[in-house]
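J.: These protein sequences, in sequence, are chains V and P. Numbered per the numbering used here, the first sequence spans residues 1 to 324. Numbered per the numbering used here, the second sequence spans residues 325 to 644.
Simulated from the structure, these hints should not be mistaken for lab results. Quick reminder that beta carbons are idealized off the backbone N, C-alpha and C, glycines included. Fair warning: there could be bad hints in the mix.
Stated by the list, open to error - Chain V regions said to be covered by chain P (calculated; three or more residues, Cβ under 8 Å): (1) 18–31; (2) 272–280; (3) 292–300.
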Amino acid sequence: MRAPWTDRQAHRRLGAVACLVLVLIVAMVAFVAVRAWPTLAHNGGVAWLGPGGSTDHQLGGMISTGRHAPAAAYHLRAWPLVYGTLLCAGLAVAIGLAFALLCAIFIVEFAPRRLRAMTIPLVRLLAAVPSVVFGLIGVLVLVPFVGNHIVSAHQKSSVQYVVELTGSSVLVAVLVLTVMVTPIMIAMIVDALRAVPASWTEGAAALGANRWEVIWGVSVRAARPAIVAAAVLACARALGEAVMIAMVAGGRAWAPNLLDGATAIFEPVNTLAASIVGQSEAITAPAVRSTLYAFALLLLFSSLVLSVGGYLAKLPMRRQGIRV
Amino acid sequence: MAATATAPSRAPARARPRADSVRNWRLRQRVAFAAVWAAGLALCAIAVAIVGFMAVKGAQYLDVQTVFSHPRPGVRQIDTGGILDPIEGTLVLTALALALAVPLGVVTALWVVEYGRPRALARLVESGIEIVAGTPDIVIALFGLALFQLPILGALSFTSSGGGVFGRSFFAAGTMLSLIALPIVYTSVREGLTAIPAQMREASWALGKTRICTIRAVLMPRLRRPIVTGSVLGMGRIIGDTAIVIILLGSTPQISPENGPPVLGLLRGTGSTLTTFVYDASPAGEGNAPQKAYAAAFVLLALVLIVNLAVDRLVGHERV
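The following block holds chain V by itself, in its conformation from the complex:
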């Protein structure tokens, strides 16, 4: 029978396992950065984020450049993808935030007990539905519906020489993405609203504030940092959503110009994460591979920044002694 571990041994061994997480993160950044390097080097740093040419053509041309691709093969201007990512995530989080705030107030303050007992499991259920199920509903129900009933024939013909309006659109992508990120925000905002000390809300009620004034003027106001943090973290989730967008948004690196009016929201769009899924079959070509890893590096970097941002946003609340 072997001797039991001494405390020092146990400390070291458990510590070594725990530090595996740090090793993994360093390895993740290193691996992705090394594979992304050719794209970064041949496109001159961050110039590839800018506009210029058709991203789809550039990616398509990369596939046939062979094992030892010349430097010119890496040429890429990814602005439509960056723009599509920001557009979808920004719109979804903006709409979702308003909706999530209202829902959270409903759950915390106004829902009758029975309805609340029903709503909370439903929120959790929505948060647990896999993204591919959302994507399936999007592509089989919403896309044909938008394509057949909402887009007018006039709108289709007005842009038919540039882009085809099939229903795979910004509208559907943003709509489904909103439904996906809202439950996360609701959960975080509900936690924050509940963490507001009862003495604050009771004090406000004792001063004659009505229920709306208490929840809006005291609870929501005190929870503002957490609400910002919820939006930031939802943003991280929305940026990284790949499969659903790849299914519903049309898979074309097209940058809809919102100044065009209503037609723009029916135009297809693509995001960085979705284009990784869309191009994953071609990943054996070195130029494509390097490009996709450059996308991944960008996503990794922005999710890192957003994680830190979410943490910093919550600090004011911690300073007041509210634990969120």
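Following the hints, complete the assembly by docking chain P onto the known chain V.
T.: Frame of chain V, contents of chain P only:
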């Protein structure tokens, strides 16, 4: 104030006097009140609609034969077989990922909470876990592909005759999926540990037990529920993840083991899960068999719902 004008003459017994009725609110507040109710009801309606729609489609297209037959390539949907392999793939991957994530998460949480020295390192590990939790799964997938295409790890997937490592296998996908579950297990166990009162540990230390002995004899028995809760929550995420599986499992509809001992060969081989099956069978993938996609998505959703119910039973109802 309008609210106090009609207040009852006797002192209110509750914090919320009777006169605080929506009728006495200002117009702006009443509009907001209506908006809050509308949002709450819309939320319930959306959730019920999604589950209801999937249930109807599932009932329409799912039958025993679909569940228990292998997928086949075919032109017409009726020829494309069933979803047995994806179901098996999901189960194998979930087991593999949990087998890696649970020990790692438990040990990390134990070290951070019970030892946690040097403090800076423990903080770093904690933020590391949060970073992993925030990393998009598609990035983790590409990292996994780069990792498992290393020649050293070639034994874990398919190696071509030219020496190129394929980097896609159950091993690769399971390892990367464990990163999805790790933060969830960790958080659950950490909460469980901090909820154990300090005097339990102190009593054990006072009896001359070491910290590791205390962990084994005093803390571990009380961690059973947090560990199970974390695993089940993590299981839900693993079952539902798509991006990692698309990139790392090779997406062959049938489970195709490599040569080797039975279990090892399977883990080195490629296959599909319910999520990638849905993706491939949808109009976005190659298959275009919407009926099979609905059937598989229904099974997937049912699995997730069962997992969700299990978590409800474990932690009670009030947590969002």
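J.: So which hints don't hold here, by number, going up?
T.: none
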